[in-house]
Amino acid sequence: MKQSLFEIMENTPLTRDVYRMKLRGDTGDITRPGQFVNIRIAGLYLRRPVSVCDVEGDILTLIYKAVGEGTRKMSGMTAGETLDLLTGLGNGYDLSRAGDAPLLLGGGVGVPPLYLLAKELIRAGKTPRVILGFNTESEVFYENEFRALGCDVMVTTVDGTYGTKGFVTGTINDKPYTFFYTCGPEPMLKAVYKTSKTSGQMSFERRMGCGFGACMGCSCKTITGSKRICREGPVMDKEDILWED
Amino acid sequence: MKQSLFEIMENTPLTRDVYRMKLRGDTGDITRPGQFVNIRIAGLYLRRPVSVCDVEGDILTLIYKAVGEGTRKMSGMTAGETLDLLTGLGNGYDLSRAGDAPLLLGGGVGVPPLYLLAKELIRAGKTPRVILGFNTESEVFYENEFRALGCDVMVTTVDGTYGTKGFVTGTINDKPYTFFYTCGPEPMLKAVYKTSKTSGQMSFERRMGCGFGACMGCSCKTITGSKRICREGPVMDKEDILWED
Amino acid sequence: MGRLSVDLCGIGLDNPIIPASGTFGYGYEFAELYDINMLGTFSFKGTTREPRFGNAQPRIAETPGGMLNAVGLQNPGVQQVISHELPLLKKCFHKPVMANVSGFSIDEYTDVCAMLDKEEQVGWLEVNISCPNVHGGGMSFGTDPAQAAEVTKAVKAVTTKPVIMKLSPNVTDIVSIAKACEDAGADGISLINTLLCMRIDLKKRAPLLANGTGGLSGSAIFPLAIRMVYQVAKNVKIPVIGLGGISSAENVLEMMMAGAACVEIGAANLTDPFICRDIIRDLPAVMDKYSIQNIKDITGGALK
Amino acid sequence: MGRLSVDLCGIGLDNPIIPASGTFGYGYEFAELYDINMLGTFSFKGTTREPRFGNAQPRIAETPGGMLNAVGLQNPGVQQVISHELPLLKKCFHKPVMANVSGFSIDEYTDVCAMLDKEEQVGWLEVNISCPNVHGGGMSFGTDPAQAAEVTKAVKAVTTKPVIMKLSPNVTDIVSIAKACEDAGADGISLINTLLCMRIDLKKRAPLLANGTGGLSGSAIFPLAIRMVYQVAKNVKIPVIGLGGISSAENVLEMMMAGAACVEIGAANLTDPFICRDIIRDLPAVMDKYSIQNIKDITGGALK
Ligand SMILES: Cc1cc2nc3c(=O)[nH]c(=O)nc-3n(C[C@H](O)[C@H](O)[C@H](O)COP(=O)(O)OP(=O)(O)OC[C@H]3O[C@@H](n4cnc5c(N)ncnc54)[C@H](O)[C@@H]3O)c2cc1C
Ligand SMILES: Cc1cc2nc3c(=O)[nH]c(=O)nc-3n(C[C@H](O)[C@H](O)[C@H](O)COP(=O)(O)OP(=O)(O)OC[C@H]3O[C@@H](n4cnc5c(N)ncnc54)[C@H](O)[C@@H]3O)c2cc1C
Ligand SMILES: Cc1cc2nc3c(=O)[nH]c(=O)nc-3n(C[C@H](O)[C@H](O)[C@H](O)COP(=O)(O)O)c2cc1C
Ligand SMILES: Cc1cc2nc3c(=O)[nH]c(=O)nc-3n(C[C@H](O)[C@H](O)[C@H](O)COP(=O)(O)O)c2cc1C
Ligand code: FES
Ligand code: FES
Chain R
1 MKQSLFEIME NTPLTRDVYR MKLRGDTGDI TRPGQFVNIR IAGLYLRRPV
51 SVCDVEGDIL TLIYKAVGEG TRKMSGMTAG ETLDLLTGLG NGYDLSRAGD
101 APLLLGGGVG VPPLYLLAKE LIRAGKTPRV ILGFNTESEV FYENEFRALG
151 CDVMVTTVDG TYGTKGFVTG TINDKPYTFF YTCGPEPMLK AVYKTSKTSG
201 QMSFERRMGC GFGACMGCSC KTITGSKRIC REGPVMDKED ILWED
Chain Z
246 MKQSLFEIME NTPLTRDVYR MKLRGDTGDI TRPGQFVNIR IAGLYLRRPV
296 SVCDVEGDIL TLIYKAVGEG TRKMSGMTAG ETLDLLTGLG NGYDLSRAGD
346 APLLLGGGVG VPPLYLLAKE LIRAGKTPRV ILGFNTESEV FYENEFRALG
396 CDVMVTTVDG TYGTKGFVTG TINDKPYTFF YTCGPEPMLK AVYKTSKTSG
446 QMSFERRMGC GFGACMGCSC KTITGSKRIC REGPVMDKED ILWED
Chain C
491 MGRLSVDLCG IGLDNPIIPA SGTFGYGYEF AELYDINMLG TFSFKGTTRE
541 PRFGNAQPRI AETPGGMLNA VGLQNPGVQQ VISHELPLLK KCFHKPVMAN
591 VSGFSIDEYT DVCAMLDKEE QVGWLEVNIS CPNVHGGGMS FGTDPAQAAE
641 VTKAVKAVTT KPVIMKLSPN VTDIVSIAKA CEDAGADGIS LINTLLCMRI
691 DLKKRAPLLA NGTGGLSGSA IFPLAIRMVY QVAKNVKIPV IGLGGISSAE
741 NVLEMMMAGA ACVEIGAANL TDPFICRDII RDLPAVMDKY SIQNIKDITG
791 GALK
Chain A
795 MGRLSVDLCG IGLDNPIIPA SGTFGYGYEF AELYDINMLG TFSFKGTTRE
845 PRFGNAQPRI AETPGGMLNA VGLQNPGVQQ VISHELPLLK KCFHKPVMAN
895 VSGFSIDEYT DVCAMLDKEE QVGWLEVNIS CPNVHGGGMS FGTDPAQAAE
945 VTKAVKAVTT KPVIMKLSPN VTDIVSIAKA CEDAGADGIS LINTLLCMRI
995 DLKKRAPLLA NGTGGLSGSA IFPLAIRMVY QVAKNVKIPV IGLGGISSAE
1045 NVLEMMMAGA ACVEIGAANL TDPFICRDII RDLPAVMDKY SIQNIKDITG
1095 GALK
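Protein chains in written order, with the working numbering: chain R, 1 to 245; chain Z, 246 to 490; chain C, 491 to 794; chain A, 795 to 1098.
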């Protein structure tokens, strides 16, 4: 983990309330796709956790949805401003388990961390199949970016206004896969857990006090005992998950 | 009183820790020298009161010393940023009592409100004598600005490194005057109160909750009863003052 | 009856927004800024039997997310309030007003309440019991259920107007105080008053406020107020007025969901004199966002 | 002996900076970030007899100038702390450490303290009495002087190490609790623990934390902590550790002038993991500004 200042290079809307922010800074501690950063925002007490979407040299890409006070403040920031980030947080996805035909399932703002994952899988010589789920056409983002990487991309929308109508789980078993990686809202993770036919890894969200293991704010129960989402997570093995309700 | 946004046009140091800030905005409620504005500063709960140093059309000039969190934050602001101001606060000096030979006595950051006062007195055909007191040479500011207005200016420094050595009260009775106006730290006001030979008006500072008469945070006892420094003040008649210790 | 209307002890309010005592004077300063008749009502400056200058200077200090005050109940005394302030108030405000009463003995409370009871424009008496009881050992009336009940009973005996007991948060068990007031006949409860705090002047190595301690108000105390309103609303049947750190329409909804029938807004008026006007303006859109048709329906929505 | 050194119950500290329990784990996570041997000491995560998972999710909420937590004393239980955590701690920290102990009955306190008493590296026992007494009606041990005294006496009987009683701010009269602990033999007092608060989720119309209420920490409570430390320090002779909302070297000086012999820093570690290191670095220059030669000389400087 590192604490350092990043300079905003770009902050542009991808949809009505989803933004992409590119920052320049010390990315040295970011070692795996699926890790996250924790962002200090002036006027707010707690930092805000956001997944790493991409890293290229000293350029870090984040994609976030403006949902509350913190992310709304972020959406108003402009190039040249600096942000205090904790980087290198969380375990990240384990690429070694991908097998030959990995499947990536992203829902809404669960899509971003899969981008760096896809990139690394392709670098490792695999062609991931990617299913991106959104509510409606106007919310779709990053389809082309995944395609440009060379992935086999499919988009689903709940209302059918774009791509295939339905949830990502509707088409999950259309083609065979060796392992799955997913990130998205918890109901989607549950559905993937139930429908998936292989082992896999899922990334979770929790309200966080620190983001680096000090406060026990983010603990969850798993098959192998209590784990901190910020440290032993956010990525959990399918086999380890204990749904609490 | 008005609440409105002002745009910073300029924010430059006059000495090591005294800054002049020029702002553009709705100055319509500023009617008298000696009034003040109350400034909202992001991250701080209470506004910060600062005297009006000058108004020309929609340009407001403030001079402030960086002493604590709020004024330090102000000193880091740059042209183009906006500030939320309450304007038109306080009673201001009463020009009608000046007589033919008004005397202006300013100490440190008590100097700024006297500038607009001097300007208005000159506009009314009078030539004020002005004594500006500072601790030491490096803290002196606005001597030339007062001279440029056409005032008869004298500077005193406590350590004698510039102008006349001593306090403003050391030279107060060197020439005759019809009325005095003063602003500065409370020990100076007390000294002026004791040494002065005519009637006069003095401007006070108090920690303020609101700055516009709502909280009773700034009350002081006077000969004619309790008064709010922010509303019935900050300018008080010499005859009305009751020193509390 | 609009979407914002609520009821407080049988008197209808156009909306639940009430500037809090001590932060809105007698209304006429704010009437220069906007038409204060848009408010639900307001609670005027705490009134005592004799005129009080209040505490020595300084009386105000800044804290993270809030402010301390040790004004010390400066007010011109009940006679002057009736003869001088209420006539001025009447000129700019045409609704029932809330009279905030303080006292240092039971007698003082009853004397002041009896006099304000005769004033037609006074709709409610809000009885602030956070002052120390000078005849009862100096402990605040509001920190002991028995004393709180005694004030309530005494005041109820001298007025026919609804009596709202205003509670202090500086207690171990807020529910026991609220219940004691309810059992003694209170028509409503308002809470919270300020939280007793202190700042120290590093240069002087002494408390910053001349009084030593002061009361904390502002955003910092909002979550404390929510907890106490929630606990009290769960345990009493009379209406609760929620206050403490409210500064937005969202805060108003949160306080009402915690159990408040309406809300008061204090320190926020001091840093943003138009805050009550703006909150009233913002409420309908924020209610739409959370699918709230009539605001009165959400009172206590979060109580389980 | 440097300018920053202080004494805590007979054990010297290189400086008065102590990360607070629950915000610094068992130290080894922070040891990856900086050399934690620069600290005065630190207080490790609250330890109970049995392992505890703690409360359901969510456990964390943001508030103006602070945060709520309802972690619920998650810890692996005293046996695991001794067998697993303390050996890890020993590898990265070479000074006496403060053991923070919690309990839901007198027996639990004494069992845990007796076991930790045998650990050489434990310098002080910090006994957190803000948990409810499950055998005594559920009221927190820390809200009643008699119960606070009972815990103190029981713990003192099973250990020879200095016992520091950690007080809850959720009380009417903090001085009476502190004095009861002192009279029962406590060697020191630390305060404040978190302030009981609540936030409500507007979408769900329910408390945001699964537990309903949570404890407020962070800057928002700093002036409350200053007031309580001031009042307690004025009335007890044993050393007081001041904490609550400290996040700068200036805050440290203010807390010590209010009467603290040394300070703990809690929530600030969570949002700025290097805060303790930075405060230790900043202190000498800030002391120069206020003409302070040795920091221990300012303890209680503002008490009259
Ligand atoms: C490991 C991790 C990775 C994440 N990655 C992304 C991402 O790549 N893109 C993205 O848009 N969002 C992501 N989120 C969710 C994001 O953190 C929240 O949307 C954000 O914190 C909301 O802050 P706010 O101030 O706008 O909302 P508010 O509702 O005002 O926030 C109030 C508090 O609740 C917390 N909070 C609110 N929603 C969430 C949530 N869903 N998860 C965790 N804490 C929450 C906030 O952090 C804050 O402490 C991630 C969350 C986690 C835990
Ligand atoms: C009517 C009036 C006019 C003023 N005009 C000027 C001016 O023209 N130029 C100038 O440099 N200063 C002026 N001051 C003083 C100025 O308001 C303070 O220096 C400033 O508020 C300090 O804020 P801070 O955050 O930097 O200091 P901090 O010490 O961090 O402030 C903490 C709190 O104390 C209050 N406070 C601190 N010092 C003073 C003070 N001397 N008077 C009132 N409140 C104080 C602050 O407003 C704030 O609420 C004036 C004060 C008043 C009352
Ligand atoms: C300057 C000031 C003066 C106050 N005077 C009174 C008073 O006279 N009577 C009273 O009941 N409460 C008084 N209060 C308390 C407020 O009415 C309110 O209970 C408290 O400030 C919490 O609400 P807030 O956080 O919205 O300010 C005063 C508060 C402030 C800030
Ligand atoms: C996440 C979290 C966990 C805590 N756990 C404990 C604990 O186990 N034992 C304890 O005595 N105090 C605990 N506390 C309280 C802190 O030690 C401290 O008393 C309080 O947070 C106030 O200080 P602060 O404002 O600097 O955080 C905890 C606080 C937080 C924020
Ligand atoms: S957020 Fe603090 S331990 Fe995970
Ligand atoms: S500062 Fe509020 S009345 Fe003067």
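Please note that the accuracy of each hint is not assured.
Facing chain R, from chain A, some residues (calculated, C-beta under 8 Å) [said to hold, decoys possible]:
| # | residue |
| --- | --- |
| 1 | 859 |
| 2 | 939 |
| 3 | 940 |
A few chain A residues that don't get close to chain R, going by computed Cβ distances all over 12 Å [unchecked claim]:
| # | residue |
| --- | --- |
| 4 | 823 |
| 5 | 853 |
| 6 | 877 |
| 7 | 954 |
| 8 | 966 |
| 9 | 990 |
Because the hints were derived from the structure by calculation, they are not lab data.
Note that the Cβ used here is the ideal one computed from N, Cα and C, for glycine as well.
Hint check:
1. Using the Cβ-Cβ criterion of 8 Å, the hint placing residue 859 of chain A at the interface with chain R is satisfied: the shortest such distance is roughly 6 Å.
2. The criterion of a C-beta within 8 Å of any C-beta in chain R is not met by residue 939 of chain A, whose closest approach is roughly 31 Å, and the hint is violated.
3. Checking residue 940 of chain A against chain R by beta carbon gives a least distance of about 32 Å; that is not within 8 Å, so the hint is violated.
4. Not every C-beta of chain R lies more than 12 Å from that of residue 823 of chain A, the closest at about 5 Å, which undercuts listing it as non-interface.
5. Distance to chain R contradicts residue 853 of chain A as a non-interface residue, since its nearest Cβ pair spans about 5 Å, not more than 12 Å.
6. Taking the minimum C-beta to C-beta distance to chain R, about 16 Å, the non-interface status of residue 877 of chain A holds against the 12 Å cut.
7. The Cβ of residue 954 of chain A lies farther than 12 Å from every Cβ of chain R, with a closest approach of about 31 Å, so its non-interface assignment holds.
8. Every CB of chain R is more than 12 Å from the CB of residue 966 of chain A (nearest about 28 Å), matching its label as outside the interface.
9. Chain R leaves residue 990 of chain A outside its interface by the beta-carbon criterion, the shortest separation being 17 Å against a cut-off of 12 Å.
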